[in-house]
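Engineer: Going down the list, the protein sequences come from chains R and A. To convert, take the position in the first sequence, counting from 1, and add 8; that gives my numbering. At position 186 of the second sequence the residue is numbered 167 (my numbering), and the sequence of numbers has no breaks.
Mixed in with the good hints, there may be bad ones.
What the hints assert, rightly or not - DSSO-like cross-link-like pairs, simulated, lysine-lysine; straight-line CA separation at most 27 angstroms:
#	chain 1	residue 1	chain 2	residue 2
1	R	K77	A	K189
2	R	K223	R	K239
3	R	K77	R	K87
4	R	K87	A	K4
5	A	K(-12)	R	K22
6	R	K112	A	K(-12)
7	R	K256	R	K23
8	R	K239	R	K224
9	R	K141	R	K112
10	R	K22	R	K60
11	R	K22	A	K4
12	A	K(-12)	R	K23
13	R	K77	A	K4
14	R	K23	A	K4
15	R	K273	R	K223
16	R	K189	R	K215
17	R	K273	R	K22
18	R	K119	A	K4
19	R	K60	A	K189
20	R	K215	R	K256
21	R	K77	A	K(-12)
22	R	K60	A	K4
23	R	K221	R	K22
24	R	K239	R	K221
25	R	K223	R	K23
As the list claims (entries may be wrong) - Just a sample of chain A residues kept apart from chain R, beta carbon distances all over 12 angstroms, derived:
#	residue
26	F(-8)
27	A(-2)
28	A2
29	L44
30	I92
31	G103
32	I104
Honestly, the hints are just simulated from the structure, not real lab data. Predicted, not measured: the structure shown is a model, and the values here were computed from it. All C-beta atoms in this analysis are idealised placements derived from N, C-alpha and C, irrespective of residue type, glycine included.
So you can see what is in the structure, the chains are spelled out below.
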Amino acid sequence: MIEIHNIHKSFGGKKVLDGVSGVFETGKTNLLLGASGTGKSVLLKCIVGLIKPDIGSVTFDGTYYTNNKLDIRQEIRRKIGMLFQGSALFDSMNVEENVEFPLKMLTNMSKSERMDRVNFCLSRVGLENANHKMPSEISGGMKKRVGIARAIAPNCTYLFCDEPNSGLDPQTAITIDELIKEITEEYNITTIIVTHDMNSVIEIGDKIMFLYKGKKLWEGNNVEIMDTDIKELNDFIFANRLMRDAKKVEDERAEEEDRVEEERKGETR
Amino acid sequence: MLANFGKYLLFIQSLLARGEAPKIIFNRTIDEAILIGINSILIVAIVSTFIGAVTCVQISYNLTNALIPRSTIGFMVREMTLLELAPTITSIVLAGKVGSNIAGGLGTMKITEQVDALEVMGINSASYLVLPKIMAAVMVFPMLVILAMFLSIGGGFVAGALSGEITPQEYISGIRGDFVPYNILFALIKSVVFAFLISSISSYQGYKTDGGALEVGEASTKAVTNSVIAVLVADFVLAQLLL
Ligand SMILES: Nc1ncnc2c1ncn2[C@@H]1O[C@H](COP(=O)(O)OP(=O)(O)O)[C@@H](O)[C@H]1O
Ligand SMILES: [Mg+2]
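Working from the sequences, and respecting the hints, build out all of it.
Structural biologist: Put into structure tokens, the structure is as follows:
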């Protein structure tokens, strides 16, 4: 479980995060939802410690992180896996070396143990037979898979994904989302996913935090999100015509049910 | 300007704090050294050979006084090569070649979040990426400078012989006359200082890149221009201090 408390961050007088608090639960895919430029990536970077918040604190399973001693922070960092927006694979290394890298740097595993783990992680994300390809030779979807394999290789306890399905076709996007959800549940880790994609919300939104202009406006799950009175959130969700149509159909069905119910009551009376 | 210099110093300091295991840094240094050496050897060879040849031809063109022995040409080519041309011209060539490579590579890693990926793993990215580059440059530059010395003097020899300005015997007696071993040491000290300046300035420029591909290009350009200026200033300072 990751808790954040009252996170503020400004860049050169421009307020990007304005007091965000919340809890991200273990074994669930926690979504940070919001339009582009609302500070989702900055919040994620504040949580993993790539950016220092001006005010506020982050706690990993009860251990205070943000301004704690370096060795405690390092200890927690070693349990963090992160999938970056552009995958951020090391482009001087091939697929296998990319996944092996954190094992080499962070563990005392022998070469053969490392290779076993690498091959296990690569097959877990559905990537066999790509071990010796360079990042420049593989597709965007495959890069994300390698990125996930690299993130989970050292047995991470916390997984962070910044827009894991941006730039992918809808079908690949969904398989990547599902892969992240499966891994989260299988290993019971705490996963935070930054997204602005409604497909992800519907597919894997166990717990959603909606950010708007640096503030948390709403939180809930992917069922509750369809039925709120927060204008900014509704504008965001129903910006898409398909979503509006789906909502209309749903509302009509609900009305119809109500009407049938009324009639039934009338008859029995 | 001054603020930038301060940030540069802080950057250098950050390389030494919280470093990775010496074995890892050592292995990375060897890799980088091989890369720098292989990528630069051809250009250094070409430039130094021609510089030696041109120096020889031009000195003999200027040296028309019959009272001065022709072997002086060989002597002057040697002195200019050892003191100035080999270390400084080689370093300026390397500022273009190695400097832009370092800044471009680090800049790209920065904007594609590869640096962040290292940091998230708890690795001090500055020390992991930059320290080996600096140590490799400090190791390899003197070797390249020694190579440049030989080739430059050899270039002068060939040019002199081909143009008929100076016979091989005269040239050889010229380059053997009045030899001061300290000059070699001075050249090597210079090359080490230049190597440090070029690799650290270029790393600094690459490492502070923010934005996109355009900024990476800018970082490369700045790396080269700032390195060249630093090399020339240091050249002057070292000459004042050590000669
Ligand atoms: N390092 C930085 N320096 C200055 N401004 C930044 C920095 N990082 C992000 N910002 C600004 O913060 C705002 C939110 O950015 P970001 O978190 O990337 O948005 P998103 O929600 O799309 O991920 C943007 O306006 C961006 O310009
Ligand atoms: Mg973002």
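Engineer: For every hint, state whether the structure bears it out.
Structural biologist: Results of checking the hints against the structure:
1. K77/R to K189/A: holds (26 angstroms)
2. K223/R to K239/R: Holds, at roughly 14 angstroms.
3. K77/R to K87/R: Between K77/R and K87/R the Cα gap is close to 16 angstroms, so the pair holds against 27 angstroms.
4. K87/R to K4/A: holds (23 angstroms)
5. K(-12)/A to K22/R: holds (23 angstroms)
6. K112/R to K(-12)/A: Cα-Cα ~32 angstroms, so violated.
7. K256/R to K23/R: This hinted pair is violated, its Cα atoms lying about 37 angstroms apart.
8. K239/R to K224/R: holds (14 angstroms)
9. K141/R to K112/R: Satisfied, since the Cα-Cα distance of roughly 19 angstroms is no more than 27 angstroms.
10. K22/R to K60/R: holds (15 angstroms)
11. K22/R to K4/A: violated (43 angstroms)
12. K(-12)/A to K23/R: Holds - the C-alpha atoms of K23/R and K(-12)/A are around 25 angstroms apart, at most 27 angstroms.
13. K77/R to K4/A: holds (26 angstroms)
14. K23/R to K4/A: Roughly 43 angstroms separates the two Cα atoms, so the pair is violated.
15. K273/R to K223/R: violated (45 angstroms)
16. K189/R to K215/R: holds (12 angstroms)
17. K273/R to K22/R: violated (58 angstroms)
18. K119/R to K4/A: holds (16 angstroms)
19. K60/R to K189/A: holds (17 angstroms)
20. K215/R to K256/R: Holds: K215/R and K256/R sit about 24 angstroms apart, inside 27 angstroms.
21. K77/R to K(-12)/A: Between K77/R and K(-12)/A the Cα gap is close to 24 angstroms, so the pair holds against 27 angstroms.
22. K60/R to K4/A: violated (31 angstroms)
23. K221/R to K22/R: holds (11 angstroms)
24. K239/R to K221/R: holds (14 angstroms)
25. K223/R to K23/R: The given pair, whose Cα atoms are some 10 angstroms apart, holds under the 27 angstroms limit.
26. F(-8): holds (18 angstroms)
27. A(-2): The assertion about A(-2)/A is violated, with a minimum of 10 angstroms to chain R.
28. A2: Non-interface label fails for A2/A: nearest chain R Cβ at 9 angstroms, not farther than 12 angstroms.
29. L44: holds (51 angstroms)
30. I92: With a cut-off of 12 angstroms, I92/A comes too close to chain R, as the shortest Cβ separation is near 9 angstroms.
31. G103: G103/A is in fact no farther than 12 angstroms from some Cβ atom of chain R, at 4 angstroms.
32. I104: Violated, because the least Cβ-Cβ distance between I104/A and chain R comes to about 6 angstroms, which does not exceed 12 angstroms.
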